[in-house]
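Student: Given the sequences, and given the hints that come with them, work out the whole structure.
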Amino acid sequence: MKKISLIPVLLVGALLVYAAQDFPEWGSPNSPASQSPVSSHFIANTGVDTEVPNMVTAVLADYRGFDTMFETVVVFIAGMAVLAILKNSSKKKAGSKEFEVDVEPDLIVTNTVRLLIPVIQIFAFYVLAHGHVSPGGGFQGGVVMGASFILIALSWDLDTALARFPADRCTLVAGLGIVLYAGIGLLSMFLGGEFLDYAELAQIFPVSREMARYHAMLGVEIGVGLTVTAIMFSLYANLSTEGRLKGGL
Amino acid sequence: MFEEGAIINELFIERLNYLIYVVLLLIGLHAMISKNNLMKKLIGMSIFQTAIILFYVSVGVKEGASIPIYLPEHDPHGSHVSLGAGNETEEASHGPVVLEAGLIKKYANPLPHVLMLTAIVVGVATLGLALALCQRIYQGYGTIEEDEILAKIEREEMRAHPSVAVKSMESSKPATSKVKKPATKSKESSTLSAKRAKSNPKTKAKTAPSTSQLKSSRSKSASSQPKTSASKSSSAKAKPATSKPKTKAKPQAKPKAKTTARPKSASTAKKTAPSKAKPRTPKK
Amino acid sequence: MSMELLAMEPVIAEAVQSGGGMAPLQLLGTILGIIGLIFFFGSAVGMIRFPDFYSRMHAAGKGDTLSTMLMLIGFGLVTMEDFSVGSWLLFVKLMAIVLFIYITSPTSTHALMRAAFEDEEMPLDEKDLKKPVGKKK
Chain G
1 MKKISLIPVL LVGALLVYAA QDFPEWGSPN SPASQSPVSS HFIANTGVDT EVPNMVTAVL
61 ADYRGFDTMF ETVVVFIAGM AVLAILKNSS KKKAGSKEFE VDVEPDLIVT NTVRLLIPVI
121 QIFAFYVLAH GHVSPGGGFQ GGVVMGASFI LIALSWDLDT ALARFPADRC TLVAGLGIVL
181 YAGIGLLSMF LGGEFLDYAE LAQIFPVSRE MARYHAMLGV EIGVGLTVTA IMFSLYANLS
241 TEGRLKGGL
Chain F
1 MFEEGAIINE LFIERLNYLI YVVLLLIGLH AMISKNNLMK KLIGMSIFQT AIILFYVSVG
61 VKEGASIPIY LPEHDPHGSH VSLGAGNETE EASHGPVVLE AGLIKKYANP LPHVLMLTAI
121 VVGVATLGLA LALCQRIYQG YGTIEEDEIL AKIEREEMRA HPSVAVKSME SSKPATSKVK
181 KPATKSKESS TLSAKRAKSN PKTKAKTAPS TSQLKSSRSK SASSQPKTSA SKSSSAKAKP
241 ATSKPKTKAK PQAKPKAKTT ARPKSASTAK KTAPSKAKPR TPKK
Chain R
1 MSMELLAMEP VIAEAVQSGG GMAPLQLLGT ILGIIGLIFF FGSAVGMIRF PDFYSRMHAA
61 GKGDTLSTML MLIGFGLVTM EDFSVGSWLL FVKLMAIVLF IYITSPTSTH ALMRAAFEDE
121 EMPLDEKDLK KPVGKKK
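Residue numbers (my numbering), protein chains in the order written: chain G, 1 to 249; chain F, 1 to 284; chain R, 1 to 137.
Just so you know, these hints were derived from the structure itself, not from any lab.
Take these hints with a grain of salt, some might be off.
What the hints assert, rightly or not - Partner residues are not named here, just some residues of chain F that face chain G (Cβ under 8 Å, in silico):
(1) P68
(2) R136
(3) Y141
(4) T143
(5) E148
Idealized CB from N, CA, C, for every residue including glycine.
Tutor: Here it is in structure tokens:
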């Protein structure tokens, strides 16, 4: 079986290496991907259109806002699907001895984590809010934020983390993030523009059209961050306990 | 000879990034095809994804270019710039300007970065979903080795549809009687499974519900047939029969959990059953 | 010859030319980085060659922490070309990373050790040491 599987693998490899000869050279500024009018337009006009220095953020949240919105929905759906698959699936009783963690939280670990959690969470907010001018954004900040809750669960136990961020609130926050994103899009639609055309928000906020896009992007990123935070923690909580949300790690 | 040298030169020096991506992709592909363990397959999938990400990002590289964030001299909010080392002359306080073609080359291509950012996030979400499915499979079958799962499915189908088993082996008598009277058969085998569950307490949690699941689905597939009287009785009798081993399997389970679990077990078993249930119908 | 290597050549040549004239901070940073790499190599070898879990963790916990800290401090010193605001900012950020590694890396080692201890993983004793090497993994 293993030897047979090598044949298609090597075949694919040979084809890919053969195709690689036609690919652009490493770092060539004339490669088709870099020469395409789309990316050139993004590099040249992001500053004028949105006044956001970080082109990646601008492309992600503004030019390709529709894509990012439904990607957030994909993350949300994945979290809900994990909930649906694992909820009540375990045959063992929730309080069964097998899964009980009788170890009390370690003193050194908990004190270190006590020291680190505020720093991590502030850093998460920094990454989220500073995504316009430095590498960062909603996804990254959300993941860092979710990791801080996972760290609480790892160093104390899951109940401690769930007391701070209950499972049903996870779902709520995740939904809220998408509602925030779609709400900003719909608001700009009601103001006469197209869906997710943030420039129209300048009609109700005292800023220029470019700065309206700038600030709407921050709102959108916050929505993404909320969803990602909640879903990351929900994924961990469900996967580590087979959906029981009790005991586990 | 020069040609050969050129190819090697191209592949190993100028296009090393493509070679690495091909190798990573092949590792992932091989793991996905040849490994039996579902977790290893998932690891292979992750490596595969990494290869694709590497490919995209390496295509977006430009020689001597900066990251796709405006340098201080092109920053749309020029007046904010005060940290720059020596750039805070008159140039620093400007508004946003459209960059010229020559300046575009100074920034890396932002598009692959955006695409791969989304790909990473979706990859994490799908990986979580895949892990959840793995856990569910482990709960149902007690293993995540693919061949063992397939063997278990086959065995259970044999147990649930003896008519299929007739073709391969086994005596025909009990099988034919079971085909004629599905209701009695389901009851009979359920008591059988319950007995087995009693005799082997360790496996009871695993085997008893799964056989009962298949049975209930079998009675469902029977009810979809035109024969009304037999199917009705079968579905009517199958319900108490299925609930019986279930309660054995988890005696401490709360009543709420039981009621929610029953329709789900039927629906999950439905997925596995119909493939074998169909060829059975023309026999009647 | 790739473009990258060609582009590196003048830089290397300049470094060779200036040779002894390297700024003392850069020299110190490079030395620290090399020492860090030596420690890193030692911890990697220890991870593979030490016989039981606890001694392996000893190699990973101590060697890894020290080598990473040394290398990061070295980076910080090498990038301190001029004492401008930008390079100070970079230095402070690197020192923050050093601080966090100083706090977290031993903690994670401790957590792993404790988990192993509670799982009744026994350290090697003298009897095990007398056995022929390479049997036990």
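Student: Check the structure against each numbered hint from earlier and tell me which ones fail, lowest number first.
Tutor: 3, 4 and 5
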